[in-house]
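Q: Got chain B sorted already, so can you dock chain V onto it with the hints?
Taken in order, these protein sequences are the chains called B and V.
Everything in the first sequence is counted per the working numbering, starting at 1 for the first residue and increasing by one.
Everything in the second sequence is counted per the working numbering, starting at 1001 for the first residue and increasing by one.
Please note: incorrect hints may appear among the correct ones.
Counterexamples of contact, computed for chain B against chain V with all Cβ distances above 12 Å [unchecked claim]: (1) Asn57; (2) Ala105; (3) Cys135; (4) Val147; (5) Tyr242; (6) Tyr247; (7) Ser251; (8) Glu267; (9) Lys291; (10) Thr310; (11) Asn312; (12) Lys385; (13) Leu391; (14) Asn512; (15) Thr575; (16) Ser576.
Some, not all, of what chain V presents toward chain B, calculated at C-beta under 10 Å [stated by the list, open to error]: (17) Arg1007; (18) Glu1011; (19) Glu1014; (20) Gln1016; (21) Asn1096; (22) Ala1097; (23) Ser1122.
Simulated from the structure, these hints should not be mistaken for lab results.
Just so it is clear, the structure is predicted and the values come from calculations on it, not from any experiment.
Just so you know, even glycine gets a beta-carbon here, dropped at the ideal spot from N, CA and C.
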Amino acid sequence: MDSEDDMHDANDVDSYEEDYYSGDAMYSDDDDDAGYEFLDNASDDSDDVSVSRQQKNYTILKEDDIRQRQEDDITRISSVLSISRDSACMLLRRFNWNVSNVHEAWFANEDAVRKAVGMLDNININPPKAGELPCGICFESYTLDSVSTAACGHPFCNTCWAAYISTSINDGPGCLTLRCPIPSCGAAVGVDMVNMLTSDEDKKKYRRYLLRSYIEDNRKTKWCPAPGCDCAIEFDLGSGSYDVTCYCSYSFCWNCTEEAHRPVDCETVSKWIMKNSAESENMNWILANSKPCPKCKRPIEKNQGCMHMTCNPPCKYEFCWLCLGQWSDHGERTGGFYACNRYESAKQEGAYDESERRREMAKNSLERYTHYYERWATNQSSRQKALADLLQMQTVHLAKLSERQCQPETQLKFILEAWLQIVECRRVLKWTYAYGYYLPEQEVAKRQFFEYLQGEAEAGLERLHQCAEKELHTYIDGNASQEEFNNFRTKLAGLTTVTRNYFENLVRALENGLSDVDSHGASSKTSTSKHAAGTSKSKSGKGKGPTKGGGSTRADDLTGWSCDQCTYMNPKNATSCQMCHTSR
Amino acid sequence: MQASRARLFKEYKEVQREKVADPDIQLVCDDSNIFKWTALIKGPSETPYEGGVFQLAFSVPEQYPLQPPQVRFLTKIFHPNVHFKTGEICLDILKNAWSPAWTLQSVCRAIIALMAHPEPDSPLNCDSGNLLRSGDVRGFQSMAKMYTRLAAMPKKGRIFST
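Chain B extracted, bound-state conformation (with noise of 0.2 Å):
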């Protein structure tokens, strides 16, 4: 299997990154500026902090390198086994596009293999030469240039071809197995005849398809979620973390395909999007008439019919309706169908009252969800204002600013980072708030902790973020000397790292589970309680920073001592900050 990486390496795309934590990639060319001798000691020290985390695992496919590697694979299997394309696009389309799979069946019993995909042995019924043949579906009978057949010998007009091909299209992804209309036969019906018998349309669709199953079939490939975006990812199975940025510069969960939301981890996220949609009509609905497949989880309506469910194609997956448990293992041990046992004794056990009294405490604290709510749902609204902003930025301020203050371009660009800091860590900061609100409340260190670090970078954020918003108008609207200009552009890319620095610190711990709590001991468990106290003030007064010249009375009577500059508690022993490099 391995070896099939190997293969796709050979025509990869080259990836286009943006991590925003890894920091010398985006200053490394910016030595020429004055003002920037303390970015780059920043650059050095998260150098060796993220480097193991910005290695390239992901590969973003656009739709013709999807096809062309399809293209290939077909080529690969069809050379090798000496078959058709069209007989090597079903034998791939079945092992989920994985070549050394279709090898290895094919090798160890290929009769096996031809029967399981529908590829006859061209065991024609030989035609007759002449005359009229009957159409098995519409029973006219036709001479034989109207009639088709497919491996099988079965004939059947092309009307009636076009309309059974057609039908199965309509149906979904599962005209990708398509079978000859006799029903003990099963020969394929593959992309050739599909070519040769439907309209335009329908073959777009199945091409479509083709095309979809072989990125969806794949385990190591996804489609960008973004809406209107045809590219997919490949990504390299357990390889740290899964935040992918697309061309679309859409970024996003590799794992569960919601946007990026690192450092909280996809089962937080889920929780809490559909704790979200909780109110909607939509979602009651859903979670009333829907239960999701067990496999793929789709959600799955029942409107008729047996216990007994079997999933769309391509997921088929056979499940009963009740315990949804696998369909394969009721029989006599659950004591009959209908009355599935599980189901009872599930009931019996208190399970349902449990989801019950759950739901009825999630009243109850209605009001603290709402805290954490509207804390996520601000930074979400303020994320997409500043990529609006950054836009605007782009396109319209950065030439007008640079006229008036006679820079290049270039020179400005710590302008375009500060807003891209400003919209990463809105993201972060965003999903932080889903975080705390499932962090337990009996973890009283953890959640000190915690808010302490949600609250610092929170802080440090609100100040770029003003810095970049307004102060910056001052200097496109007004006319501002070219030394005020410099100390803004010291200001600015100074808070862009410091603030960098910040949720570099939050994502780690968070994705440490805040285990740093405990190794810190009692000591700094006082810090924290009081950080914690003074930073849920500087939460609700956006913009205000932390308790200002609160810093020198703090370092005295505890183990380390903040900052000035950034109010980052350092150790005792640090004689420069940690996280600017300011002095002591």
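A: Leaving out everything else, chain V in the frame of chain B:
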């Protein structure tokens, strides 16, 4: 619409010809609507349905034969794969395994085969399915036989008379 009508008409003519050939199935087209059919099928021998005559109602969609016809029992029947109240039939060829090569006649044959070989693994009639699953063949057979007598036989066969 035209295609389905033409095909149904072909089937109609075929049915007239085959009537003698298959005495177990009697397919009748509605006088005024070619999309509505009824069938009388004989319960297969050596089953609890033997001796009974069961009525089926066919409702044929306009997309026929690309879409399957809807079939249900009008006669009450005690069978794991037939809904006891509505007569709905759980049979793969009437759902996802449908093929346009099937005809109304062959659907009837498939239903007769289903009567002889119930699939208790996909029950629509829970009680019936569970009897078979638990191995109580005799219990199942006597229930099925009773309902056959009650619902699928001429009045004189009723257990209460004589």
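Q: Next, verify each hint and record whether it holds.
A: Evaluation of the provided hints:
1. With a least beta-carbon separation of about 40 Å from chain V, Asn57(B) lies farther than 12 Å from that chain, consistent with its non-interface assignment.
2. Distance to chain V confirms Ala105(B) as a non-interface residue, since its nearest Cβ pair spans about 25 Å, more than 12 Å.
3. For Cys135(B), the requirement that its beta carbon stay farther than 12 Å from each beta carbon of chain V is not met, with the minimum near 10 Å.
4. With a minimum CB-CB distance of about 14 Å to chain V, Val147(B) clears the 12 Å threshold, and the non-interface call stands.
5. At the 12 Å boundary, the C-beta of Tyr242(B) stays outside the reach of chain V, the nearest C-beta of that chain being 35 Å off.
6. With a minimum CB-CB distance of about 38 Å to chain V, Tyr247(B) clears the 12 Å threshold, and the non-interface call stands.
7. Every C-beta of chain V lies more than 12 Å from that of Ser251(B), the closest at about 39 Å, which supports listing it as non-interface.
8. No beta-carbon of chain V comes within 12 Å of the beta-carbon of Glu267(B); the shortest separation is about 34 Å.
9. No Cβ of chain V comes within 12 Å of the Cβ of Lys291(B); the nearest lies about 18 Å off, and the non-interface call holds.
10. Not every CB of chain V is more than 12 Å from the CB of Thr310(B) (nearest about 7 Å), against its label as outside the interface.
11. Against chain V, the non-interface label of Asn312(B) is violated: not every CB pair exceeds 12 Å, the least being about 9 Å.
12. Against the 12 Å criterion, Lys385(B) stays outside the reach of chain V, whose nearest CB is about 49 Å from its own CB.
13. Look at Leu391(B): its CB is around 48 Å from the nearest CB on chain V, clear of 12 Å, so calling it non-interface holds up.
14. The Cβ of Asn512(B) sits about 49 Å from the closest Cβ of chain V, beyond the 12 Å cut-off, so the non-interface label holds.
15. Every CB of chain V is more than 12 Å from the CB of Thr575(B) (nearest about 73 Å), matching its label as outside the interface.
16. Distance check for Ser576(B) against chain V: the nearest CB is about 70 Å away, which clears 12 Å, and the non-interface claim stands.
17. Checking Arg1007(V) against chain B: minimum C-beta separation of about 5 Å stays under 10 Å; hint holds.
18. Checking Glu1011(V) against chain B by beta carbon gives a least distance of about 8 Å; that is within 10 Å, so the hint holds.
19. Because the beta carbon of Glu1014(V) sits about 8 Å from the nearest beta carbon in chain B, less than 10 Å, this interface hint is met.
20. For the restraint placing Gln1016(V) at the interface with chain B, the shortest Cβ-Cβ distance is roughly 14 Å, beyond the 10 Å limit, so the hint is violated.
21. At a threshold of 10 Å, the smallest CB-CB gap from Asn1096(V) to chain B is about 7 Å, leaving the interface hint in force.
22. For the restraint placing Ala1097(V) at the interface with chain B, the shortest Cβ-Cβ distance is roughly 7 Å, inside the 10 Å limit, so the hint holds.
23. The interface hint given for Ser1122(V) is met, as the beta carbon of that residue sits about 4 Å from the closest beta carbon of chain B, less than 10 Å.
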